[in-house]
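Chemist: The hints should help you fit chains V and D with the ligands onto chain L, whose structure is shown.
Residue numbers (numbering that gives the first Met the number 0), protein chains in the order written: chain L, 0 to 302; chain V, 0 to 960; chain D, 0 to 248.
Since the hints were made in silico from the structure, they are not lab data.
One or more hints might be untrue.
[Unchecked claim] EDC-like cross-link-like pairs, simulated, lysine to aspartate or glutamate; straight-line CA separation at most 20 Å:
| id | chain 1 | residue 1 | chain 2 | residue 2 |
| --- | --- | --- | --- | --- |
| 1 | V | K205 | D | D18 |
| 2 | V | K212 | D | D214 |
| 3 | V | K312 | D | E245 |
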Amino acid sequence: MHPAPSIIVFTVLSGLGLGMVFWAGLGLGPDHGAARWWIAVLALGFAAGGGAASAGHLARPDRAWRAFSQWRSSWLSREACLMVAALGTFGMYAAGWTLGGVRFWPVGWIAAGLALATVYATAMIYAQLRTVPRWSLTPTPQTFLAFAGAGGLMGVEAASALGGADVSAGRVLLALALTAGVAVWWQTEAAGAGRRSTGSDIGTATGLGRLGRVRLFEPPHTGSNYLLDEMAYRVGRRRAYQLRLIGAVAGFLVPLALTLLAPLLGGWLMVPALVSHVAGVMALRWLFFAEAEHVQAFYYGMR
Amino acid sequence: MSGAAATGPRVETSPHVSDEIRRTTCYMCACRCGINVHIRETADGVPLISYIEGNRDHPINRGVLCAKGSAGIMQHYSPARLMRPLRRKGPRGSGEFEEISWDEALATAAEWLGPIRASDPRKLAFFTGRDQSQSLTSWWAQQFGTPNYAAHGGFCSVNMAAAGLYTLGGAFWEFGTPDWERTRLFMIFGVAEDHDSNPIKIGLGKLKGRGAKVIGVNPVRTGYNAIADEWVGITPGTDGLFILALVHELIRTGHVDVGYLARWTNAPFLIDRNPGPTFGLFLRDEAGRPLVWDRATDRAQPFDAPGLDPALKGDFPAPSGGRASPVFELMARKYLDPEHAPEAVAARCGIPAATIRRLAAEIADAAFHHPVTVDEPWTDFRGERHERVTGRPVAFHAMRGISAHSNGFQTCRALHLLQLLLGTVEAPGGFRFKPPYPKPVEAHPTPHCHTAPNCPLPGPHLGLPRGPEDLALDAEGRPVRIDKAFSWEAPLAAHGMMHMVISNAAAGDPYPVDVLFLYMANMAWNSSMNTAGVIEMLTRRREDGEYQIPRIIYSDAYSSEMVAYADLILPDTTYLERHDCISLLDRPISEPDHAADAIRWPVVPPESQAPGRDVRGFQSVLIDLGARLGLPGFTDEGGRPKYADYADYIVRHERRPGVGPLAGWRGDGTAEGRGAPNPDQLALYVANGGFWQGEVPEGARFMKQANAGYQDWAVAMGFYDKPQPYVFQLYSEPLRRFQLAAEGHGVRQPPDHLRDRIKLAFDPLPVWWEPFEGAGLDLADYPLHAITQRPAAMYHAWGSQNAWLRQIHGENPLYVPAAAMAEAGLSDGDWAWVISHHGRIRVRVRGMRAVNSSTVWTWNAIGKREGAWALSPDAPEARRGFLLNHLIKELLPEKGDGLRWSNSDPVTGQAAWYDLRVRIEKAEGDGESLPRTGRQASPVGPAPSEVRWGSAWTARGEGKR
Amino acid sequence: MTTLPDRVERRMGLVIDLDICVGCHACAVSCKEWNTQGYGAPLSDQHPYGADPSGTWLNRIHSFEIEPEDAPAQIVHFPKSCLHCEDAPCVTVCPTGASYKRVEDGIVLVNEDHCMGCGLCAWACPYGARELDRAEGVMKKCTLCVDRIYNDNIPEEDRLPACVRSCPAGARHFGDLSDPGSAVSDMVRARGGMDLMAEQGTKPVNKYLPPRIRDRHATAPQTVQLARLAEPEATGFLGWLDRALERLG
Ligand SMILES: Nc1nc2c(c(=O)[nH]1)N[C@H]1C(S)=C(S)[C@@H](COP(=O)(O)OP(=O)(O)OC[C@H]3O[C@@H](n4cnc5c(=O)[nH]c(N)nc54)[C@H](O)[C@@H]3O)O[C@H]1N2
Ligand SMILES: Nc1nc2c(c(=O)[nH]1)N[C@H]1C(S)=C(S)[C@@H](COP(=O)(O)OP(=O)(O)OC[C@H]3O[C@@H](n4cnc5c(=O)[nH]c(N)nc54)[C@H](O)[C@@H]3O)O[C@H]1N2
Ligand code: SF4
Ligand code: SF4
Ligand code: SF4
Ligand code: SF4
Ligand code: SF4
Ligand SMILES: [Mo]
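If we strip away everything but chain L, and leave its shape as in the complex, we get:
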């Protein structure tokens, strides 16, 4: 699949922001001055900024508002509704917290739940697509949730540090380790989720498989088209390896190291840790799209 920057930015940033909402809603984060502000602003900023980026993927963003209408069946619509609900709820919670200095616990919990649900809905936009086995046959929701969780936690810690509060390295390390595990799990499943596992191949796509070995003779057009641009993106093995390495190093090893050093050298290290993590996750998210193969590519000759 074509790794559209707007979607990568959207999923990564909104995941991060919603993860922060989740933790903050549950009550994480120091109750003192600037830290509260940093947490609230960054959480809302990342989530809303991510959401805005997603509009970049729309050919008709002027009609984006219509996406709130189909929550009964569409994960994308649900995601939009949940996102608004989560941010709205968190906004109220954050207002009380930052302005009034009070935590309305039930509101926070609801915001946390909605944030979780939003991330899940985002993941389900991809996980529901049987047409892309690499998304539908793998623990995609778990992965999105884990990334959001770890990122959110780091976000909260980094915001706290910016607000002058102490950071708690232990839980970050734990979250990063767990998420790395989930990422490895997903990757293992993805490696196995060849398109065959849906049973689809060029033979079933054309219905001609029972007659013999099938290959594309001529595509319908010598030029390109929307489908090929969108669905038939191919990434080189070497490139994928390099990006996965970046994902592992920037997304996990560097943040782990910085987090370990933070108690010794200063909480501000959580900021570069977060930046590195986000960069790594972006690389992995890029691969999430770029490596995904769509069954309709069979019609264009992929076996």
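Modeler: Chains V and D with the ligands only, in chain L's frame:
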């Protein structure tokens, strides 16, 4: 989630479709389908084409339409349309022009042509290409008086045409059609697309629906061959061998229609066996009628006498003394020879002997165990009445795959021989002609070439020579025509030899010309062999600095490659803006039970279709030019123009009294075929959808060549002036006359270097020889055959300016058999050198398996010159597409005898496109095909960067921004 | 509406005969031609005369090569447009409700006034049957010529999809696949009409008729004795000829 109520928004299911439908005839190929052109008017009242669909009432396409036809809108509104007359400013090939007025353009043309006509009319070579108005253009050239006129048939499929005309009285090529309704077994040889495009597809659909068997004989298995029930992946150039092996098997096993042969062919004609100048000719009576041996009276009788019992074998005394044998005996002996046995040809054809034998058996089974009978009483030319017609439901069709070889004429004859042995021509279930065909050779003119200053030619240029006496030779035996058609190099060049004009004119062989006048032929590109060489010839200069071919006038409608090489451009309209006449004087469009002709008419006025556009229909321009030159036939007694324009000519011109370009609604509007000119004729055509159709009467529909009822109807229709029934020519006497000349008889004899070739090639019974190019090469160096196919969705060069079609075929790979790919170390998408004895090109390759193992191929005419067709210079057509033509030389490999041997069929001069032999080698590619031939400036405005056809009247259309 | 109807009144669709399709692209071009001036926005083309031409099409013709175990390789031409699936994932994923399936005939349509061009429906379709129009920014797909098949301004015999009407080989058929008595249903039964990628669970309405068996021949027909005249006791062909002529009388 109950959805029953979820009906969705209201959709307008009955939108307004168009303001008006104007019915005319398509022209993205020569098939000539009927179309309904939907017109919508813009707010300012400009009529725009909104939709084109097939006309259901039309005899050719019955409502269906091909991809090109449906993309006609993009053709009509192409940015490559020429806008005004042009005069060359830069050097030839540069594409630099200045716009001039029509008056200036016509005056210039008249200025160039007038003096030629007054001094030496031969100095004009007028050749027209993809033309469907040959009856006008040839008439014009005849009035001008130049011998140098022909149309595109010579490079196209003259082998097919000539073989059919000389054997059957009509050819596969547009003159007839398989009996789709009744045939049981259909074999299609060497056809990718054909002029009969939609009818063949409709027919194949019908056969499939009825469960008839379709066999495709073709090195490549795409298109029609892809849907064949059986594919015979023959090696190119060997069809003659394969067909004669089928003939061998059928004769050997007695599966021939003896009754049909005896009655309707020249199988019983007695052949003179006395050595001497009449050896091998028919025995004839005093009246010139060929004789047969009547077994009832035991003596020779004229073949057309009633009640004969003709012998098909034996050795009889000739009335004039000596011995004679029937054609059939000679033929049977010839083809029973073991050299024609399946085993003898299998390896060469790439078809196992067992397959050939089984196919012969399948053919025999369908033909002789499943006869079809139509209960339609008829009377033959001998006066015998038949209560019914019985036919053999085996049908064949063939086109350029067998004809575009240097052995194509005889291969086509071989196929006709096979048809006749089975009794399948003009009989139900077989191959049936479309009126005005069939016609005997005698009904055609012979070629005329005698010129004199300010004089028309005494008769038409093109025709069918009956013997050496009809050749176009001067007193010294040299060719009279610039293309050397009807010379000893190409004696039966029925359509002329367009592909030799430029190289002969550039070489001044047989003489130089002053003006080359071309119409609708992209001769600087895809219709020439050796394209780069032709470009050099068009730009070659004499010592005095003048071009070798001093003046080139060209009429095109679009910015083609040829435009850049001409000096004066006469811009034509598109097919929707002019009158055209698809005349019975040219080629038929009907199905067998009807005669039909058609017109095109200006469904939209040209000047309304683009601002500043000032173009004219070429035929009207030619008529204007004819009047300016004072040509007889184009001026009246007072020297005034005789016709206002082409429409006027179509209505008022009479070729013979009562016979004009159109057969429908003559006289008072009720006459068909013959009748006085009717001023309302065109209006009546328009009212009828652009075509006319007259029905062949019952009892006249089958066996037309011998059917007295048909003959009378044909005379009444004006196809000819007296009945001329005939029998099919298994044995061709005209060929034998040329052979006799080569053997040293008669006053006109071929030059010595051609004698052997003519002895071989003019065999009166079909023969096969190794295609010349391969025969002259060490095949270890050139192990592969290289051929082209037409893509169904592209018409030669001009589909590439079509916004829709060029998305489908924007570049062409060379398809290479998988084994050959492996051997050359190639994988899909690699670049490779393709090397012939003449040159090398660099192309992109793709592997394929459904192809003959020694054949590579590509789509025809996709490659373009940079700057042509209003495409951006970096268009894929120019950068990655390619022409195979660069590798095809118009001459054969040197034989070391110092002579120039043309790469053509020795009988007709047909260009041997598919004799090409090559090898391939891996190339380091920089992503571009080679050779490059430079860039031409575009004389037409820039092309738009987006097309949204219909936005003028769909509610939306503003775009998202 | 994004939910699928529980029930449709008819299942209109196409039956495409792969045994007959010659790959001529006529249906694809006539589809483009009709739809660029019909339902919704025009089907735009980008850089139509440039180096990288592309455009929106609702029907495209692919060609596949098949290598059977024991017969020569074949080419099968393969037209593909929307299959108007019963369980159309393209509909249920649509966030705006622009994509919907009609109750009256099962046609899957896009309401172009509501579409926001997110592309998700194209991702959900296994068949590559949806293309985003790059000029208009809305999703395009086969409409089953909903603006032809009921159109009172068109003669009754022409109330057919443009592609069906134009197909020269007669490889495309249109009808109600929910009616077991319809001609299309008959065809599907008789020829083993198949679903593409049934495992995707979309339940396509359009059916494909597989190519008939090719290149498998019985031995020579029993009626024809290939050895007959070659037998030594016969007098060979010219002897046979005499007898044949006698029979003619
Ligand atoms: N390698 C290879 N070469 C081949 C062949 C092959 O099979 N393989 N086939 C050969 C055959 S059979 C043929 S017939 C030739 C065809 O070759 P051409 O006759 O050269 O065919 P086109 O490309 O159709 O070019 C015709 C010209 O007519 C112009 N034209 C189109 N419409 C109009 C119009 O309305 N008015 C006017 N005045 N001009 C118009 C076009 O712009 C174009 O320049 O190619 C031959 N060349
Ligand atoms: N769409 C479309 N239709 C056209 C045209 C076009 O350009 N586009 N051009 C028109 C014109 S001008 C013409 S002349 C006709 C020509 O129509 P066709 O005669 O169909 O011409 P080609 O495309 O040259 O196809 C030649 C076929 O012969 C095969 N072949 C080559 N060599 C051999 C051989 O030795 N033996 C056998 N058995 N087969 C062989 C090739 O594989 C190919 O399939 O088409 C007309 N119709
Ligand atoms: S076959 Fe196609 S291009 Fe040729 S005349 Fe018919 S519709 Fe037009
Ligand atoms: S083919 Fe694709 S677009 Fe059409 S209904 Fe099925 S899933 Fe939707
Ligand atoms: S592109 Fe349009 S129709 Fe498709 S899912 Fe998005 S909003 Fe719906
Ligand atoms: S039914 Fe109409 S919209 Fe659908 S493919 Fe055919 S022509 Fe195109
Ligand atoms: S028009 Fe008919 S034959 Fe041609 S590609 Fe379409 S379905 Fe196949
Ligand atoms: Mo041709």
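Chemist: Compare the structure with each hint and give your call.
Modeler: Evaluated hints:
{"no.": "1", "hint": "K205(V) with D18(D)", "verdict": "holds (12 Å)"}
{"no.": "2", "hint": "K212(V) with D214(D)", "verdict": "holds (11 Å)"}
{"no.": "3", "hint": "K312(V) with E245(D)", "verdict": "holds (13 Å)"}
Checked against the numbered hints given earlier, the structure satisfies every one of them.
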